[in-house]
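Assemble the complex: chain E is given as a structure, and chain W must be docked to it using the hints.
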Amino acid sequence: MTTAPRRGKPKIMAPKKHGPEFSVDKTWTELKKNIREIQIQNASNLSFEENHRFAYNMVLNKQGETLYKGVKDLVVENLDSMAKERIEPVFPSGTTDATVLSDEDSRLLRKVKDVWEEHTNNMIRLGQILKYMDRVYTKTANVPQTQELGLELFLKQIMKTPIKDHIVRSVLNQIRHERDGCPIGRSTVKGCVDVFISLHIDHSTTIYKRDLEPAILKESEEFYLNEGVRLLAECDAPTFLSSVESRFKDEDSRVHHYLSSQTSGPLLAILDATLLVPHLLKVIEKPSGLDFMIDSNKFDDLTRLMDLCVKVPSGLQILRSAIKESIVRRGKAINDASRSDDSTNAGGEKPVEEDGSAKKDKGKTKTRAAPAGIQPALTWVFGVLTLKDKFDELWRKSFKSNREVESSMIGAFQSFMNMNNKASEFLSFFIDDHLKKGLKGKTDDEVEVVLEKTITVFRFIAEKDIFERYYKRHLSKRLLNGRSVSDDAERGMLAKLKTECGFQFTQKMEGMFIDMRVSADTSRDYANHISQSKTPELDLSVIIMTSGAWPVPQTPPVCIIPPRLGSVCESFQRFYLSRHNGRRLTWQPHLGSADVNIRFNARTHEVNVSTFALVILLLFEDVEDDHLSYNHIREATNIEEGELKRHLQSLACTKFKILRKHPQSREIDDADSFTFNQDFTYPGKKFKIATVLSKLENNDERRDTMERIEEERKVIMEACIVRVMKSRKNMSHNDLVHEVSSQLASKFQPEPSGIKRCIERLIDQEYLSRGDDRKSYGYIVSLFYWSGVQVQ
Amino acid sequence: MADNSDVEMNHETAEPVVNNSTEDPSESNAARASDWVRLQSSDGFSYLVRRKVAQTSGTIRTMLDPLGGYAEANSRICAINERGIIVEKLVEYMSFKSHYENVGPKEEIPVRDFLERIPPEIVLELLLAADYQDSKFHTLMLHPLTTDKLW
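The listed protein sequences correspond, in order, to chains E and W. Per full-length UniProt numbering, the very first residue in the first sequence carries number 1; after that it's consecutive. Per full-length UniProt numbering, the very first residue in the second sequence carries number 1; after that it's consecutive.
Excised from the complex, chain W in its bound form:
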């Protein structure tokens, strides 16, 4: 399984960071919301993202949940088993979502602009990844005009 080896590889690169951040679980919730987490793609790209932003994905939220206490929650390094270009689009969506999440009803959300930035050749892969990530991204992609289903 190619996926498996990718994960393994990521796991190894993440290891040094684990040691640096072992004191994290004691931090308060507020501090935790603003700290940084690392998202790593299967081909070795990594993205530093605010935890708050990363948690717009249900899967990443659970992954980082200290209650579960899985390796990722301790190391704050999340291996995303996708190519870098996909992870990048996911991160872009997460930022887009958390930026526009709380705007007033009047303000226009540039959904169309955002969707137009998605290169057509990755759409299908991105759709699958978005579904796996349990974010509303795939809904957005499938129903771009119904803004009430955005998030």
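So here's chain E without its partners, still in its complex pose:
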């Protein structure tokens, strides 16, 4: 190109430049001079065009290599002099005074940063005038372009052993200084760290990754190992948590403000490993730990604890088991409290101190309202509900509604509630208490809320069949005695149970409601029917219970019904049987009640008594002012002894002493005798004599109930096994046990050994056969012995 054009018309002029007057030495000397000017920041006095053309000419004249080498030498020279004059003089003196040291470190870092910035600017300027060289020479010569060259040289000339080590040390010191709570110039540190990040040793590795990050991580690990131990020793749990949390925040901000985000992961992992993993459990177990925070509703601290726990893989597990433990411990306290019947109030307060006052108030209203016998049940359920509320709140507020925590909580509730073998009974009592009419100064809505909560607790109960039994018993009492707060409330509760446990669970209870409705109709029809023929001697209201649906004995307690009552009963029976052919009516006198007018000396009162009590009272009608002995009453009524005593007690020993007992005492003895109390007075006209309440079942009765339930369960299990086997034909033992357990889980939790016994029984009865491998069973199609199993 430097010669004249080889072809074309003679008119075309050859470019006049690049002639032989070009001199390498002269051009380079000029350029060198100017590059030195650039390196002392004098570019603004230089012409770009001139220098660019120097470089251009040199490359054009095949002097690219000279130019490249020359520039490189100049840059090296400049870097060396900067290192010597500006960086080396400010190497830290190695003093131990933290403040002085920090100043020295900061000064060194600032210098390094300055040198770096100056160098990069120089390289940009050089790159600009050497652009033609970059475009044409570097590629063919396979050498790095000016910018890369600049980085390479900086790495080689500045980031070498004494200087680099000092810088790394200073950066570490600055970080340490900041961790100790002293302010540092973050931008200076960042400047230096950025230098490390900008310099590569190969395509993927920066010297930050190679030299600085490992040092930072190592230093951090040492620091936080000590810090963790120190915090654990010096601080209580909330302080520990907040300190650790702020450490996490600090490191995070540190990483993002002046380190590299690529360090974030490893650094925070170090924090996890040094502050959390080894100490979490100990912190939770501190006296000021989880339990204390739960007791005193420290939502913020607990939130913090949760946040920290989820950071490490084992953390949530630790937290979950601690929560579970805490709940179970509190639950056990509630269990214990309910067991010591006499201290009804005091026991319940223990597990939840801060709710104590509120709880006490409630307890008192209940003591007034409810008979003492069921107080432990109410206290227990109330305790459980309060505990549940408390942990639900914690769960929402502090544990981020975490599903895993929830499942631990559920597990904890299940475990302690099922430790209390009366749980089902208590719960049913509690519901009964709330569904009973007119006992509380509570609105329907409040009751609704309580019942809703009760259902959530109900879910935790494993043995739902026991609950069903008690609930039916209580429900029937409410219905028969007309004590339900409202039909809606009852049905609402039933609907809830239905959604929880399915259609079968409530089938019989719904039958009870149907019976109630049909009975009302029947009673009305009967009244109409009677009034057509004659004036009724007394009004009769009958509840006809479908046998089987109601928890009443098949053979009712015997009682000699006085003729006056007996005639009415017969009249109704005739009426009923005439309408429903082929049915059988069995009277259940122990469930009924009667309104009677009784004339005393002072005035006549309208009294509501149980049927048995009426039968007893009617005895006194004929024997004015005379003593009737206990034995006489028993013979005349034929009422079973315990029942009779109970009714006599209600007539003679409660608030309304219609009968006088001789001698006077609280209990009925076989030798006692009774007289009608003519002098009885009471301000109101109407009153009701409640039968002395059936207490909670005593132990014998409970054993009896449990035995019956066991029997029922056997039948249910057998039925279930047969059902499963019928559809599957062949099944291994484990699969079968598992399948049966899961099918019955909504009712109760069958023991594997119980299932095994049932299977054995079924094999004996030739429903099943043992498989050849001794581990599986086959179903035998059989046509006999079917009815015995088809119970449920």
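Think of the hints as simulated: they come from the structure by calculation, not from any bench. Cβ coordinates follow ideal geometry from the N, Cα and C atoms, glycine included.
Computed list of lysine-lysine pairs in BS3-like fashion (alpha-carbon distance at most 27 Å, straight line):
(1) Lys62/E - Lys136/W
(2) Lys324/E - Lys400/E
(3) Lys136/W - Lys139/E
(4) Lys453/E - Lys496/E
(5) Lys332/E - Lys397/E
(6) Lys160/E - Lys209/E
Derived Cβ-Cβ restraints for the label pairs, each shown as a range:
(7) His203/E - Glu101/W: 28 to 38 Å
(8) Ser187/E - Leu48/W: 35 to 45 Å
(9) Arg117/W - His203/E: 40 to 50 Å
(10) Leu48/W - Pro266/E: 52 to 62 Å
(11) Glu101/W - His256/E: 32 to 42 Å
(12) Ile85/W - Ile40/E: 36 to 46 Å
(13) Pro66/W - His256/E: 29 to 39 Å
(14) Gln41/E - Leu48/W: 27 to 37 Å
(15) Pro66/W - Pro313/E: 48 to 58 Å
(16) Val111/W - Ser44/E: 37 to 47 Å
Chain W in isolation, oriented as in the chain E frame:
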């Protein structure tokens, strides 16, 4: 070196302008894109060109880069070490390029007309100058039919 003296001469004539425009570096990028720069030829012609247009040449772009901060960036006077007729053609190309740079693919670019306007006697000199200017002008001149290599 004759070139050298030309530059010197330009430098001197440019000096008064430097004083007038010292406040420029503070201007924003947008304002800078639309301001004017002076291109001076070695034989004393000068052309006022929009900065945006002038920067279609890579060399002039770097020359005016405030990051480098060379004299030209401060004075906004660029000495182009070519004869006036060459500078004029360069400027024409720059304007042509920045005018047609962003047209749609459908529109026809009158490349041929443009190239025909180049007097044959300066072609070689222009080619060298275009190469020095690091614009795509020389590509255009060498491959006039491949319009995708235009810019």
